[in-house]
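> Each chain is listed here by its residues.
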Amino acid sequence: MKAKKLWDVFVQLFCIGLALVILFPILYALSVSLMDQRAVLAKPPNLLPPKVTFENYRIAFTRTTLWRYMLNSFIVALLCSMSRMVIATMAAFAFSFFEFKGKRLLFALTLSTIMVPPDVLIVSNFTTISRLGLINTYLGVCSIFLVSATNIFLLRQHFLSFAKSLKEAAYVDGCRNIRFFTAILLPTSKPILTTVFLSSFVSVWNQYVWPMLVTNKNELRTIQVGITMLKDRESSIFGPVMAGVIMALIPTVLLFLVFQRRIVAGMMTGAVKE
Amino acid sequence: MNDRPKSNRKLLRSLEPYLWLAPAMILFAVFTFYPFLETIYKSFFIVDALGNLKRFVWFQNYTYILSDKVFVKAIGNTLWYTILTVPISKVFGMLLALFANKRRRTSVFYEAGFAVPMAMASSVTAMIFQLLYVPSLGFLNGFFGWKVQWLNNPKIAMISIAVIQIWLSTGYAFIFMLSAVRSVPQDVIESARLDGASEFRQLTKIFVPLTSPTMFYLIITDLAFSMMMMSLVNVLTDGGPQNSTITIMQYIYKQISATGNYTNANPAAIIAFILTLAASMLGFLWEKKGVHYQ
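Protein sequence lines, in the order shown, are assigned to chains A and B.
Every letter in the first sequence is one number past the one before it in full-length UniProt numbering, and letter 193, counting from 1, is 193.
Every letter in the second sequence is one number past the one before it in full-length UniProt numbering, and letter 70, counting from 1, is 70.
Note that these hints are calculated values from the structure, not bench results.
A few of these clues could be false.
[As the list claims (entries may be wrong)] Below, simulated DSSO-like cross-link-like pairs (lysine-lysine); rule was C-alpha separation at most 27 Å, straight line:
{"no.": "1", "chain 1": "B", "residue 1": "10", "chain 2": "A", "residue 2": "101"}
{"no.": "2", "chain 1": "A", "residue 1": "2", "chain 2": "B", "residue 2": "102"}
{"no.": "3", "chain 1": "A", "residue 1": "190", "chain 2": "A", "residue 2": "103"}
{"no.": "4", "chain 1": "B", "residue 1": "54", "chain 2": "B", "residue 2": "69"}
{"no.": "5", "chain 1": "B", "residue 1": "155", "chain 2": "B", "residue 2": "69"}
{"no.": "6", "chain 1": "A", "residue 1": "4", "chain 2": "B", "residue 2": "205"}
{"no.": "7", "chain 1": "B", "residue 1": "155", "chain 2": "B", "residue 2": "73"}
{"no.": "8", "chain 1": "B", "residue 1": "54", "chain 2": "B", "residue 2": "254"}
{"no.": "9", "chain 1": "A", "residue 1": "43", "chain 2": "B", "residue 2": "147"}
{"no.": "10", "chain 1": "B", "residue 1": "205", "chain 2": "A", "residue 2": "217"}
{"no.": "11", "chain 1": "A", "residue 1": "103", "chain 2": "B", "residue 2": "10"}
{"no.": "12", "chain 1": "B", "residue 1": "254", "chain 2": "B", "residue 2": "155"}
{"no.": "13", "chain 1": "A", "residue 1": "4", "chain 2": "B", "residue 2": "54"}
{"no.": "14", "chain 1": "B", "residue 1": "69", "chain 2": "B", "residue 2": "254"}
{"no.": "15", "chain 1": "B", "residue 1": "205", "chain 2": "B", "residue 2": "288"}
{"no.": "16", "chain 1": "B", "residue 1": "205", "chain 2": "B", "residue 2": "289"}
{"no.": "17", "chain 1": "A", "residue 1": "5", "chain 2": "B", "residue 2": "102"}
{"no.": "18", "chain 1": "B", "residue 1": "254", "chain 2": "B", "residue 2": "73"}
{"no.": "19", "chain 1": "B", "residue 1": "10", "chain 2": "B", "residue 2": "102"}
Since this is a predicted model, take the numbers as computed values, not measurements.
So here's chain B without its partners, still in its complex pose (with noise of 0.2 Å):
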């Protein structure tokens, strides 16, 4: 009779870890193990609006919506898009970080305005550019007398669009660059110096392999995200002109809101996340190659 509840704290001790974990792992799997598995189990049937399977059809969703004009326009768009704003920005950030490198007197006040953009949320940048962009009014046509139709012209929509993302996620680099560059050994930037290197060869014997491995980390984090856009192009454009600004994610909004077709959206959410996986192997095959660990 005594050995009850010695055994009853024993079990409640070897349970208490997971009572501590329970929280996280019920809204983790809830959240986003069942819905993976769901989205990718739901891929291969059709589904009415509803949600509810109907019928089995192996890989025909996926076939019918890589047949789809409007759906591999949006992965080229994505790609675009991706190739636009990943680069630049990280190479913008960079930049900015080797200016600033040297802590001076009025550091805080420019290092602050460089970084700010990164605090923006997407949708009020978006309202703010398009009222730059407006054609007759806007800030740019207006005050240096371009005639450049900003958003409405089918090819240039884009580039306006990934000029917005490169504004936002620039400051984000700059953050993330200017650590890394601070972090590069004093001696060993004197050392080239005495032996008369010059500022270029500095920056890219020196400077570009050290903070590689930062750099590798916001290239992959970006391409993630970059990947994944829609809601730039969901407040400015809806897609078009001509959907040539249509990306993935706003094809699947468009599939789910407009018209609960979730038979098209499933299988593209997972095409979706195999690209993004792609991109993030290149992303570490380039690691093996080029990022330098100390």
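Extracted from the complex, chain A is given alone in its bound form (with noise of 0.2 Å):
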């Protein structure tokens, strides 16, 4: 019994050290946005800061467009999970509960768009943006990110799971299509909601390429792309470039260490063969 006990002891320091060993690149990140410039520098390298100093937040901030690449991420993030989000819940709702023709087809459609990396499209979506006029605007950067076919999967399995008694029911008391979908469905559907809504704010917070083409105004740009171009190939300036990458993963990785569950739950589904 001890021997069991101690050894399960030891599997968790085993498993504690481990994941600091995983997570040391952020920490050692963290590390560095505290340092000041000497310390960055230093030979051999220092592992924590000497003196803790938050100069590099200041000049990250002060210097640099930190600020608006931040807000620009949060709109296009905001805009495009709320569409996800809404988009889907319809698709699914009518996937779900109605009959007519083409449905089998539409949602073969719909699934077949999983199939069709984003990348391959971009040269032609790039076209179709700027054929718009579209290029450094809000609406361009979000464009390609409004709706997800994994999501209209996801809540159409939760709203089958739904009696379609329960529609009928509502449909004898005089209850409209339009009642029952704002009434019934989406207050009882809130848990798997906030799935998607979590999932599509990562998931676009963190996208790289697309907005990288289709901005190409230092305002407009979204943290991620901006975050590169703080870069300069000297070191020296690392400390408040360090700043700028602890400030574009916080949102992120709190919200994924805060609603891990949920999260996680969202991006399941589908990964289990029925």
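Got two chains here, each in a separate frame; can you build the complex from them with the hints?
Below, the structure written as structure tokens:
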């Protein structure tokens, strides 16, 4: 018994040690962001700041447009997650509560969009966006993230677990579709809608290639793009850059830590073959 | 006369599901189906910098880029990168899941620690590793006293980039494998233990086969993802040194952003898609043989 307990403690220590090794890059970035310039350049390198200073954060916020980048990312991620949530709910509603011509075809088409990697389409989408004059606009950055088939699939699975009888009962009570949708379906689906919203927020916040392609004005860059523009090949400004890096990763890492279960549940749909 | 409003309502009733679907379908049409077909169509044409069709050339664009040394190099690099990242991150994810399988007092902490990289953006992660990789003052060389040119040596630059991706995707694999490992029925493990099966035999005869559907899903999605990589390369090396890290997507991006060359970009995108599809097909072949559904 005692040996077993000892083993348990050992495994836990091992796992925590391993977690620290895995988290090392993030912790090191945090540490560098709190060092003064001399400490960053020291040889051999400092693991921890000899003296904690917030100077790098002050520089990052005052001498660069970090605030603006963060605001842009926030607006884009918020718009896209809202749009994904609303549009996916509407589509899933149609797919689970209506019978109509072409339903199977439209659903198959919806799922087929998962098979086409969005990167393959950026050439053509870029032309479309520039033809529409949406380069350097929030709408242009958001455009390809406004809908996601996996969200539709997830919500449809959830709605199908709703008994159809519930809708019929609502009908008998004279409840129209729109009222059923807003007064019954949405309120009872809050947990799953939160999942959709949060996983969308994290994934859109972390986008890099498309936002970089459709913006060339500094004020419209998202933080993922902006952060890479702060760099210089010289290491001497690594302090402020790491301050920016920490600011860029805080929102998603915090969201993830707080809502881990929800976000993971959203990502796992489709993983298990039925 | 009385009929009219009734039939109108009936029409509306039959149109209603399409109205609910309209926003999603319009967006799919504009940003997925149209561009997909357009890219295929335009890949057979010479296209000017504004995207206008100039001349129909059949497969000449394809033969042209396939004889472009840089593009062939990009295909090779992309495959090399995929081979480096996909299996290793899955094995790591599985190992972490086995370590964390049993719920213990501090589980919450190390599970979160193992998983956090999945919430990280590739650009931010690239910036951090760039700091670790700096040859003269970077942490890795400085701390261990090495003299490795992580990103400047054409022989190892792609490996250094693969390390970053492995770091990024291990957490994702871990989260999925953890739930797969935990759903292995307890009585199966118990009876194996009573039969005196060693830990290793339990791993190969129970855990690996019973979690293979999840593993399959992870590999298929990650294959598609890895074949499309460009963000890390774009931030860190811009395809260099000596094109040793240029990927297919990076090649496409350079064609359109640097030179406005859509003539090369369209067929390159289609080739990327076909390669991804082929990789997935290989995955499905493996599924028939190796994946064990209960």
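> Now tell me, hint by hint, if it's right for this structure.
Hints, one by one, checked against the model:
1. Annotation: proposed proximity of residue 10 of chain B to residue 101 of chain A holds, straight-line Cα distance about 15 Å (limit 27 Å).
2. Our distance criterion of 27 Å between C-alpha atoms is met by residue 2 of chain A and residue 102 of chain B, whose separation comes to about 18 Å.
3. Between the alpha carbons of residue 190 of chain A and residue 103 of chain A the distance comes to roughly 26 Å, so the proposed pair stays at or under 27 Å and holds.
4. Among the hinted pairs, residue 54 of chain B with residue 69 of chain B is consistent with the structure: their alpha-carbon atoms are about 25 Å apart, no more than 27 Å.
5. In summary, the hint linking residue 155 of chain B to residue 69 of chain B is supported, as the alpha carbons are separated by about 18 Å, within the 27 Å threshold.
6. Restraint check for residue 4 of chain A and residue 205 of chain B: satisfied, since their Cα atoms lie roughly 25 Å apart, inside the 27 Å limit.
7. Of the supplied pair hints, the one linking residue 155 of chain B and residue 73 of chain B holds, its CA atoms being roughly 13 Å apart against a limit of 27 Å.
8. At most 27 Å may separate the alpha-carbon atoms for a hinted pair to count; residue 54 of chain B and residue 254 of chain B meet this at roughly 21 Å.
9. In summary, the hint linking residue 43 of chain A to residue 147 of chain B is supported, as the alpha carbons are separated by about 14 Å, within the 27 Å threshold.
10. Our distance criterion of 27 Å between C-alpha atoms is broken by residue 205 of chain B and residue 217 of chain A, whose separation comes to about 57 Å.
11. Annotation: proposed proximity of residue 103 of chain A to residue 10 of chain B holds, straight-line Cα distance about 19 Å (limit 27 Å).
12. The hinted pair formed by residue 254 of chain B and residue 155 of chain B meets the criterion: a straight-line CA distance of about 22 Å does not exceed 27 Å.
13. Proximity of residue 4 of chain A to residue 54 of chain B is assessed by CA-CA distance (about 75 Å); at most 27 Å being required, the pair is judged violated.
14. Between residue 69 of chain B and residue 254 of chain B the alpha-carbon distance is near 15 Å, which keeps this suggested pair within the 27 Å criterion.
15. A threshold of 27 Å between alpha carbons decides the hint, and for residue 205 of chain B with residue 288 of chain B the separation of about 18 Å falls inside it, so the pair holds.
16. For the given pair, residue 205 of chain B sits about 15 Å from residue 289 of chain B by alpha-carbon distance, which is consistent with the 27 Å threshold.
17. Taken as a hint, the residue 5 of chain A and residue 102 of chain B pair is honoured in the structure, with Cα atoms around 13 Å apart against an allowance of 27 Å.
18. Distance hint between residue 254 of chain B and residue 73 of chain B is fulfilled; the C-alpha atoms sit about 14 Å from each other, no more than 27 Å.
19. Simply put, residue 10 of chain B and residue 102 of chain B have alpha-carbon atoms about 59 Å apart, too far for the 27 Å limit, and the pair is violated.
Comparing the model with each numbered hint stated earlier shows that hints 10, 13 and 19 do not hold.
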